[in-house]
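Residue numbers (this note's numbering), protein chains in the order written: chain A, 1 to 67; chain B, 1 to 247.
There's no promise every hint is true.
Some but not every residue of chain B turned toward chain A, in silico, with C-beta under 10 Å [to be verified]:
#1 M1
#2 T9
#3 Y57
#4 R83
#5 G85
#6 S86
#7 A99
#8 Y147
#9 V178
#10 P181
#11 W217
#12 G218
#13 G239
#14 Y241
Covered by chain A, per the in silico footprint, the following chain B stretches (three or more residues, Cβ under 8 Å) [unchecked claim]:
#15 10–16
#16 20–32
Derived pair list, reagent style DMTMM-like, types lysine to aspartate or glutamate, alpha-carbon separation capped at 25 Å [stated by the list, open to error]:
#17 B:K6 x A:E7
#18 B:K12 x A:D45
#19 B:K188 x A:E7
#20 B:K6 x A:E64
#21 B:K220 x A:E30
#22 B:K242 x B:D63
#23 B:K192 x A:E30
#24 B:K6 x A:E46
#25 B:K188 x A:E46
#26 B:K12 x A:E8
Hints are computed from structural coordinates only; laboratory data are not their basis. Glycine included, every Cβ here is placed at the ideal spot set by N, Cα and C.
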Amino acid sequence: MPRILIEETRCKGCGLCTIACPRNLIILSERINNQGYTPAQFANDEKCSGCALCAEMCPDVAIEVYR
Amino acid sequence: MPQIFKRPTSLKDVQTHFCSGCHHGTIHRLVAEAMDEFGVQGRAIGIASVGCSVFLYSYFDIDVVEAPHGRAPAVATGVKRARPGSFVFTYQGDGDLAAIGTSEIIHAANRGEDITVIFVNNTTYGMTGGQMAPTTMVGQRTSTSPYGRMKEKDGAPLRMAELLAQLEGVSFSARVAVNSPRNLMDAKKQIKTAFRYQVEGKGFSFIEALSACPTNWGMKPLQANERVGTELCDYFRLGVYKNIMEL
Ligand SMILES: Cc1ncc(C[n+]2csc(CCOP(=O)(O)OP(=O)(O)O)c2C)c(N)n1
Ligand code: SF4
Ligand code: SF4
Ligand code: SF4
Numbered sequence: 001m002p003r004i005l006i007e008e009t010r011c012k013g014c015g016l017c018t019i020a021c022p023r024n025l026i027i028l029s030e031r032i033n034n035q036g037y038t039p040a041q042f043a044n045d046e047k048c049s050g051c052a053l054c055a056e057m058c059p060d061v062a063i064e065v066y067r
Numbered sequence: 001m002p003q004i005f006k007r008p009t010s011l012k013d014v015q016t017h018f019c020s021g022c023h024h025g026t027i028h029r030l031v032a033e034a035m036d037e038f039g040v041q042g043r044a045i046g047i048a049s050v051g052c053s054v055f056l057y058s059y060f061d062i063d064v065v066e067a068p069h070g071r072a073p074a075v076a077t078g079v080k081r082a083r084p085g086s087f088v089f090t091y092q093g094d095g096d097l098a099a100i101g102t103s104e105i106i107h108a109a110n111r112g113e114d115i116t117v118i119f120v121n122n123t124t125y126g127m128t129g130g131q132m133a134p135t136t137m138v139g140q141r142t143s144t145s146p147y148g149r150m151k152e153k154d155g156a157p158l159r160m161a162e163l164l165a166q167l168e169g170v171s172f173s174a175r176v177a178v179n180s181p182r183n184l185m186d187a188k189k190q191i192k193t194a195f196r197y198q199v200e201g202k203g204f205s206f207i208e209a210l211s212a213c214p215t216n217w218g219m220k221p222l223q224a225n226e227r228v229g230t231e232l233c234d235y236f237r238l239g240v241y242k243n244i245m246e247l
């Protein structure tokens, strides 16, 4: 099953991945990370197609995609 | 399970200083991917400018020369002529390239130097606190245009991709954006074409990348990203303005 890995410490909570995902599988969490941002979180890992659009859009290269 | 998306090798595995939602990070990655694809990392020499992208040497795993403000195309000219086998690109903001460095970019382009210029247009001077740039939109409020840019007094925003395309020395000129997956995929393609010109020794190539500066626009990252796709793309039309060899 395809999946993504969000490197939380690199995430700046910009939310660009959340609008990039065609299946709306990513949300911003309410936690505060080491940089003071609320990092992105994989909300549902069952429906991921591994299209990598989230990773493509991330300005901080914080997402890895496995398929 | 194989990893299908990972950090390009030309990009160091470090955290950047860019603000949340700043497109500089995305554009850095696309440039690094293109270098990986052409296998030029070992002979690449980046020319950094003055602005938020000044730390090119901290982020790219290549050799970098830091040029004085606006002078990156002149430094790139010297580097490329002294080392013709190297792969040379500049990475410049709009304050750097279209204001203080207007003369250098026009003459380097007109001479048809065998270099690639990555021009990041975020319609403001990011690093110094959001002053008006030649690319600032009419009506846009900045720290030096508190009532909005006025066309009568300040002129209309400069369209560098179109302007440079008119020069005979220019082989390739295109404007791209990274605000949506679709625009980003096209940006990848155009950056690779620009690099192909240099790899094949076919002259001066220019990429203008529209970029969000949430901090100085006073916007949230998603709002700033949206502004690129609407207001900016409406005036700064995306497209290829010159491609002499149809590469
Ligand atoms: C000769 C000189 N003049 C002025 C400055 C101040 N300065 C630093 S960055 C900058 C403009 C940066 O804006 P831009 O090129 O648009 O890049 P951005 O930060 O938006 O990426 C200016 C005017 C300087 N460093 N050197
Ligand atoms: S890989 Fe595609 S489907 Fe999976 S989370 Fe990212 S954007 Fe969504
Ligand atoms: S695009 Fe990247 S930095 Fe922005 S919220 Fe998503 S993972 Fe975090
Ligand atoms: S000030 Fe603007 S250009 Fe500079 S890092 Fe922040 S968002 Fe990017």
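Here is how each hint holds up against the structure:
The beta carbon of B:M1 comes within 4 Å of a beta carbon in chain A, closer than 10 Å, and the hint placing it at the interface holds. Taken as an interface hint, B:T9 does not check out: its beta carbon lies about 12 Å from the nearest beta carbon of chain A, beyond 10 Å. The restraint placing B:Y57 at the interface with chain A is violated, with a minimum CB-CB distance near 18 Å, outside the 10 Å limit. Because the beta carbon of B:R83 sits about 29 Å from the nearest beta carbon in chain A, more than 10 Å, this interface hint is broken.
Here the hint on B:G85 is broken, as its CB sits about 30 Å from the closest CB of chain A, past 10 Å. For the restraint placing B:S86 at the interface with chain A, the shortest Cβ-Cβ distance is roughly 26 Å, beyond the 10 Å limit, so the hint is violated. Taking 10 Å as the C-beta cut-off, the interface hint given for B:A99 is violated, the closest approach to chain A being about 25 Å. Hint status for B:Y147: violated, given a least beta-carbon distance of 30 Å to chain A, over 10 Å.
The beta carbon of B:V178 comes within 8 Å of a beta carbon in chain A, closer than 10 Å, and the hint placing it at the interface holds. Annotation: B:P181 was flagged as interfacial toward chain A, and the flag holds, the nearest CB pair being 5 Å apart, inside 10 Å. Hint status for B:W217: violated, given a least beta-carbon distance of 14 Å to chain A, over 10 Å. Among the interface hints, the one on B:G218 is violated; its C-beta lies about 16 Å from the nearest C-beta in chain A, farther than the 10 Å criterion.
The interface hint given for B:G239 is violated, since its Cβ lies 21 Å from the closest Cβ of chain A, which is over the 10 Å cut-off. For B:Y241, the interface hint is violated, since its Cβ never comes within 10 Å of a Cβ in chain A; the closest pair sits about 25 Å apart. Coverage of the stretch 10–16 of chain B by chain A holds in this model, with 3 residues showing a Cβ closer than 8 Å to a Cβ of that chain against a need of three. Counting residues of the stretch 20–32 of chain B whose beta-carbon sits less than 8 Å from any beta-carbon of chain A gives 8, enough to reach three: the coverage restraint holds.
Among the hinted pairs, B:K6 with A:E7 is consistent with the structure: their alpha-carbon atoms are about 12 Å apart, no more than 25 Å. Distance restraint check for B:K12 and A:D45: the Cα-Cα separation of roughly 28 Å exceeds the 25 Å cut-off, and the hinted pair is therefore not satisfied. For the suggested pair B:K188 and A:E7, the alpha carbons sit about 23 Å apart, so the restraint of at most 25 Å is met. For the hint pairing B:K6 with A:E64, the CA-to-CA distance comes to about 6 Å; that is within 25 Å, so the pair holds.
For the suggested pair B:K220 and A:E30, the alpha carbons sit about 17 Å apart, so the restraint of at most 25 Å is met. Distance check on the hinted pair: B:K242 and B:D63 sit about 29 Å apart at the alpha-carbon level, beyond 25 Å; violated. This hinted pair does not check out: B:K192 and A:E30 have alpha carbons roughly 38 Å apart, beyond 25 Å. Pair hint B:K6 plus A:E46 holds up; C-alpha atoms about 21 Å apart against a cutoff of 25 Å.
Of the pairs offered as hints, the one joining B:K188 and A:E46 is violated, with about 29 Å between alpha carbons and a cut-off of 25 Å exceeded. Taking the CA atoms of B:K12 and A:E8, the gap is near 18 Å; set against the 25 Å cutoff, the hint holds.
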